[in-house]
Amino acid sequence: MTDITQELQNLRRPKLLARAARAGAAMYDRSRHLSRILGADIPQKHEVILKLLLIREQELESQRKTGNAEYRATRHVEVLIALRCEAAQREAAQDEDQVKASGMEAFFSATYAASASLMAGSSAGC
Numbered sequence: 001m002t003d004i005t006q007e008l009q010n011l012r013r014p015k016l017l018a019r020a021a022r023a024g025a026a027m028y029d030r031s032r033h034l035s036r037i038l039g040a041d042i043p044q045k046h047e048v049i050l051k052l053l054l055i056r057e058q059e060l061e062s063q064r065k066t067g068n069a070e071y072r073a074t075r076h077v078e079v080l081i082a083l084r085c086e087a088a089q090r091e092a093a094q095d096e097d098q099v100k101a102s103g104m105e106a107f108f109s110a111t112y113a114a115s116a117s118l119m120a121g122s123s124a125g126c
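Take the sequence shown: its position 111, counting from 1, is numbered 111 in the numbering used here, and each next residue is one higher.
FYI, nobody ran anything at the bench for these hints, they're computed from the structure. From the three backbone atoms N, C-alpha and C, an ideal C-beta is built for every residue, glycine too. Worth double-checking, as some hints may not be accurate.
As the list claims (entries may be wrong) - Simulated restraints, written as ranges between beta carbons of each label pair: (1) Gln89 to Ala69: 11 to 21 Å; (2) Ala69 to Glu91: 35 to 45 Å; (3) Asp3 to Ser62: 15 to 25 Å; (4) Arg22 to Glu47: 30 to 40 Å.
What the hints assert, rightly or not - Straight-line C-alpha distance at most 20 Å; calculated SDA-like pairs for lysine to any residue: (5) Lys45 to Ala92; (6) Lys51 to Ala87; (7) Lys15 to Val77; (8) Lys45 to Lys15.
Please take these sequences and the hints and turn them into a complete structure.
Following this line, the structure appears as structure tokens:
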């Protein structure tokens, strides 16, 4: 388990912030949201993006807890939405890499092609 994964799993925020982030995730637009949060130069690697988002989120959480006048809940929710969606994209990419690395897709397509040709003309199904 990576440090980023551990940090994401340990992230605990008020229910209202968490619910707002969950609800807003459906409207997440990666390029628009990340450019607004991180600036014009958006890194390519999910780990780098997540680390930058975690740093920004921790700054906002600190502002929230201390009652800083500069704190904006909307910005905090925006960062939490990005964190949630980027973590999901990272996980999906890792799952995809795992399937590619295992060769399962090639195995199943080869197995299917072989079994389909063997079973041509028969009424047997899977």
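For the range 35 to 45 Å, tell me whether the beta carbons of Ala69 and Glu91 fit it or not.
37 Å, holds
Taking only the CA atoms, is the gap from Lys45 to Lys15 under or equal to 20 Å?
The hint is violated at about 29 Å.
Holds or violated: the 15 to 25 Å window for the beta-carbon distance between Asp3 and Ser62?
Holds - the Cβ-Cβ distance for Asp3 and Ser62, about 19 Å, lies within 15 to 25 Å.
Run the distance test for Lys15 versus Val77: straight-line Cα separation, threshold 20 Å.
Judged against 20 Å, a Cα distance of about 11 Å means the pair holds.
Between the beta carbons of Arg22 and Glu47, is the distance compatible with 30 to 40 Å?
Violated, since Arg22 and Glu47 (Cβ atoms, about 23 Å apart) do not stay within the stated range.
Restraint check for Lys45 with Ala92, where alpha carbons must lie at most 20 Å apart
Between Lys45 and Ala92 the Cα gap is close to 13 Å, so the pair holds against 20 Å.
Between the alpha carbons of Lys51 and Ala87, is the straight-line distance 20 Å or under?
Measuring from Cα to Cα gives roughly 11 Å; hence the hint holds.
Can the suggested window of 11 to 21 Å be confirmed for the beta-carbon pair Gln89 and Ala69?
Violated - the Cβ-Cβ distance for Gln89 and Ala69, about 34 Å, lies outside 11 to 21 Å.
Going down the numbered hints, you'll see the structure goes against 1, 4, 8, while the others check out.
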